[in-house]
Amino acid sequence: MNGDPTPSTLLPDGGESRIPDAFDGEPAFVPYLAAGDPSYAGADCIELGLPFSEPIAEGPTIQQAVVRAMEGGMTVERYFEFVSELDVDVPLVCMTYYNLIYRYGDAAGPEPFVERAAREGIDGFVVPDLPVEEAGPLRAACDEHGRDLVSIVAPTTADERLRRLVDRSSGYLYIQARLGVTGARTSVSGRTAESLARVAETGTDLPRAVGFGISSFEQARDVIAAGADGVIVGSALVDVVAEGHEEDRPVEETAARLEDLGRELTEGALAGAETGASQAD
Amino acid sequence: MNGDPTPSTLLPDGGESRIPDAFDGEPAFVPYLAAGDPSYAGADCIELGLPFSEPIAEGPTIQQAVVRAMEGGMTVERYFEFVSELDVDVPLVCMTYYNLIYRYGDAAGPEPFVERAAREGIDGFVVPDLPVEEAGPLRAACDEHGRDLVSIVAPTTADERLRRLVDRSSGYLYIQARLGVTGARTSVSGRTAESLARVAETGTDLPRAVGFGISSFEQARDVIAAGADGVIVGSALVDVVAEGHEEDRPVEETAARLEDLGRELTEGALAGAETGASQAD
Amino acid sequence: MSEHQQRRGDGKFGRYGGQYVPEALMPAIEELTDAYERYVLENGDGFMDEFRRRLRDFGGRPTPLGRADQLSERYGIEVYLKREDLLHGGAHKLNNALGQCLLAKYMGKERIVAETGAGQHGTATAMAAAHLDMPCEIYMGRRDINRQRPNVFRMRINGAEVNPVDVGRGTLKEAINETMRDWATTVETTHYVIGSIVGPHPFPSMVRDFHRPMSAETKRQSREQFGRLPDAVVACAGGGSNTMGIFSEFTDSRDGDDEDVTDVDLYAVEAGGSTLDVDEERGVAPNSASLSTGSEGVLHGARTKVLQDTDGQIMESHSVSSGLDYAGVGPELAHLVDEGRVDAVNVDDDAALEAFHRLSQAEGIIPALETAHALAFLEEHENPAELGEYVVVNVSGRGDKDLEAAMEETAGRNLANAPEMDVFEGEGLQ
Amino acid sequence: MSEHQQRRGDGKFGRYGGQYVPEALMPAIEELTDAYERYVLENGDGFMDEFRRRLRDFGGRPTPLGRADQLSERYGIEVYLKREDLLHGGAHKLNNALGQCLLAKYMGKERIVAETGAGQHGTATAMAAAHLDMPCEIYMGRRDINRQRPNVFRMRINGAEVNPVDVGRGTLKEAINETMRDWATTVETTHYVIGSIVGPHPFPSMVRDFHRPMSAETKRQSREQFGRLPDAVVACAGGGSNTMGIFSEFTDSRDGDDEDVTDVDLYAVEAGGSTLDVDEERGVAPNSASLSTGSEGVLHGARTKVLQDTDGQIMESHSVSSGLDYAGVGPELAHLVDEGRVDAVNVDDDAALEAFHRLSQAEGIIPALETAHALAFLEEHENPAELGEYVVVNVSGRGDKDLEAAMEETAGRNLANAPEMDVFEGEGLQ
Ligand SMILES: Cc1ncc(COP(=O)(O)O)c(C=O)c1O
Ligand SMILES: Cc1ncc(COP(=O)(O)O)c(C=O)c1O
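Chains A, B, C and D, in that order, give the protein sequences.
Be aware that the first sequence starts at 57, since it is given in the numbering used here, and climbs by one per residue.
Be aware that the second sequence starts at 57, since it is given in the numbering used here, and climbs by one per residue.
Be aware that the third sequence starts at 9, since it is given in the numbering used here, and climbs by one per residue.
Be aware that the fourth sequence starts at 9, since it is given in the numbering used here, and climbs by one per residue.
Fair warning: there could be bad hints in the mix.
[As the list claims (entries may be wrong)] Going by beta-carbon spacing under 8 Å, a handful of chain B positions derived as facing chain C:
hint, residue
1, Thr-131
2, Tyr-154
3, Arg-159
4, Asp-185
5, Val-209
6, Ala-210
7, Thr-212
8, Thr-213
9, Ser-334
If you are wondering where the hints come from, they were derived from the structure by calculation, not from laboratory data.
Every residue gets a Cβ at the ideal spot worked out from N, C-alpha and C, and that includes glycine.
Given the sequences, and given the hints that come with them, work out the whole structure.
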């Protein structure tokens, strides 16, 4: 395990992660999309899912997206091809499970995957089944290639553990809004505010993005007001894509709807920033 | 248990069993019929079945007859009524299972049944589930009412046991032609001859009637030739009755067929008697 | 009369018992009686040693005695369960099946036949015969075959032939008749493994003795676990083998025990079916409570209590559990009830089904429907505390064989504690 | 490093093991690790005493070790069977289910969830939870639900909820994913009872320890019955819990035994399915032989041997027995195979079905289809005498749950020793 905490500001040369910039200024809007779904403009950073056959941390919406993608012939190779062709100028975070990272390439271990991802323009990683205890080798590979490894902070993460975790994260902290799996919900757990406060107490500089169940103006507003630097929105968007698939809508129509929902959430986040600022007064 | 063996010649007064007469002279033809079946002329003695719900010693033919009789409403009372109305002048043997004998009347025990049977004109009893060990009370009741209690001799009955059994029998000995249950068969077990020889060795005066599976001229001939004094024919006759029932034949037609079969068997028995006599020469 | 002679007995239990069988079977019965005395009572050729070893290594004896925490709380007494459901095959039946198959082997018999009702005795016999490498045929009523399909599968898989009996109602009674017929034909080479403490002597005594380990273990385990004998022992009674098996050490004190084993109250719980009333007209008893409502008669080789009409015709019995669905009962049990040593009680189908669900949910043990009757007795009792402080219930078998039947029977009733059934009917789960 | 610390371990077995779970679960995993060390390893609050008592009185331990007379003759060696089929519930699974449910109770958890494949772990968990009065939900793939209906019934009857999992192929893999999701939501009040020696630390070690009595008893019983340790122990491997359970006392000599336990050869028999070849294109492995044909990967919380394609996507596995139908295997077992301490072998579906019928007919024991794989290994071995004089086979479960499946699978094949099937199809018997 790599004992050196590596904050995101300490990136080696050979291309730097663009993630820190995404959280500069106004609250960031971070959509999660499965690779292959219609791309999204208006994002400050994109989490791009690489589907794994055992998505243990996902709710039904993203599970279905995984099934769709895999039936559509998605492979690790195609994922990288898709990423390299992607025409967006925001940072890209690869969200996937550890086995795909571990297995890639000829040598065992995460390095070949990280090397390739860096080459294709991926700035960082979120790996839901890789707690800090097992993250050493991936952290080392990220350091080597100047990529970020985002940690997830759960409502159940106790303070001592939180400190260890903050120390070893880079890019941003993914604040899990509630227990459970991904999926759109109508209200945000009161524990989100608690988590944000506890993170603040650690004194970390890392931006905090809140995800798990964010789907509306109000939710986006509330989490930003509670001190978050950005909102991560997954299932709510994937639902739009899924509906488009089911009802055989033209890609542009789905893209337009995604844009609408994105706008609503961005506005919520802005409203939250104002409340937060006024509360801070 | 009644320790006194009671040979059939020692009958108290108040009506005597007519069975000994049936075996005087020519080989006896002893048909078994379920009570209610068309009566049979030409018999030297009739075994009249009183159906019991658990006919453990019967093969399929007589089991079916039992079911038919019970579904037809046969009860112990009707059996006795039937017997009392029966217009035949040969001895009648009641063949049934012990529970019906034991349960009849107000007092427990076989006496009331035997008393009633004697009154209605029954001369004796064959009870397939009553070995000599359990026959004491019935033997006593028979003695009291001058009835015979016929014992069954099985192929498995060893010599010592055979002597005990012969000592406690009256009327005749029912020589079981083979192991198993009642039912018409095409050949007679070689063990029949053996049984007859073993019975002869006991020096008993009791007539020997052979039953279980006798259905043809040849069989009747063979058992009589081997030393039997009569043949008991059950399932072969009951088959004729059953066929009549199935095919809805008029009672007279069935009666005529019974008569034909009876004649065939009687002739077989006579033929056997001649062989036996010539062999004895 | 020496201890030994007393144990040997003459096959009579008071006014009950005896040997009411066709003459053709008597020699086999005598041979069996000799073998019983020589091998079972006198441990000839080390028979009982081998039997006990096989009961342990093949059968899984001793079975546990375990406290039922939730039931104890519910009834305010200490309820202990004797776990015959854990015996190989899933019921107490193997004790007897193994004993008789082994005895048949010692006697030089080449073939095994048996009757079965619920299929438990049939499966136990098929297993024991396979274990001892003997060919085996089982007679089973057509109706029972349809009610207990998994057990039919099991017998066939163990290599036994299963012969359907179509006569009559196609239940246990008819299967016994048919097996007797087979035996009467093949008696010289074949042993008939009777499935309960019924039939002619020596069967009732012999079957009881093969089941006696239940009782001996219960005595020992009670002392180990709560320091004394129980106040009461409760068992369901069909033919009565699990009953006499677990009662036997408490009905006499032949082992020279200090404690008075006869202080232990014994309850035989019969199947009350739908009602204790009898339809004399149709010859049907909608129950199997021969101890409670039957009268003296002769059935299947023994004088005992039977369900019969006034003529003495045996009635159709009924119970939600095939294994209790029998019109007779073991002569020794009938005698002990007459003597007042055993209390005959009964519970109805509904109570048994509720008890089935209760034990399953409260203790994590799915009992056979037969066993459920014994458990229902506690629930039906007005004041279980009257039974004493420590009560042992004999869990004679497991309910795996009864799943379909229990679901079906449950669906038609309004039981307080049944799980939602829709999930079983294809909606929820299929 | 003290003995104790060595036992405690860090959750790694050579290159395998670890804790690859979502952050939200890590606190629970840490809490569980503490509880494992405190209660299981150090017998805190007398946990292990209570566990052993309940294993005995509720579970039926010790299970017998019995000589298989007919198999011994067939193979010319002494074959002994360790009878986990006699454990309550019908498989070794209860050891672990009871241990974890009891641990959950000691930890103050209020609710139990579990996944199940064949339904054996689900039924064991439902029974253990009912026994300890805890609410319980079981996740089960839709396909398995249809293949193992009796077990679904049993879980429901024991009061557990059964939640069908419709995703994917609807087997064990998907059920595990779904249970993890439940746990990730309810982790504060709920304990997830994993069904084999898989998953993140401390599960593999803890589940092994709960199954360890199999091994300890086998050691003791072998000495009692044939005066020494066996030459070989054979067990089937799905996740590997019955394997590691019966192997564990032979993989180290920590009890200070005189005898060299490591002389005992250990065989883990995997499901060879229809063939060992893999359809990379479709992502399907028509077998479940992850030890023999899998590669290193991370699945369900641990690094281990898994069936996966070149990308690292987990493949669909296959076996005639649902309980072996899993694409991974316990990390400790993977390690022991790498080390050469355990031999990984496999037999195909046909051989397993034949062994199912062979044991049923020859010994009167109907094995689970999983277990049948271990038995088939003897038959498939070119020269069983090479295995040694005394061979113990772990009979991990009984086949009652498999009757329908076995009949169906048998009907389609040309097996040397299957009983006539027509009798089951309604012609002969219905
Ligand atoms: C589980 C179980 N209990 C009880 C019985 C009733 O038999 P007995 O009264 O002889 O114990 C049976 C009969 O099949 C049974 O299977
Ligand atoms: C009887 C039996 N044996 C073996 C297994 C395989 O599990 P494991 O490899 O963990 O022992 C199962 C799983 O359901 C089972 O039911």
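Exercise. Starting from the hint list further up, note which numbers the structure goes against and sort them upward.
Key: 9
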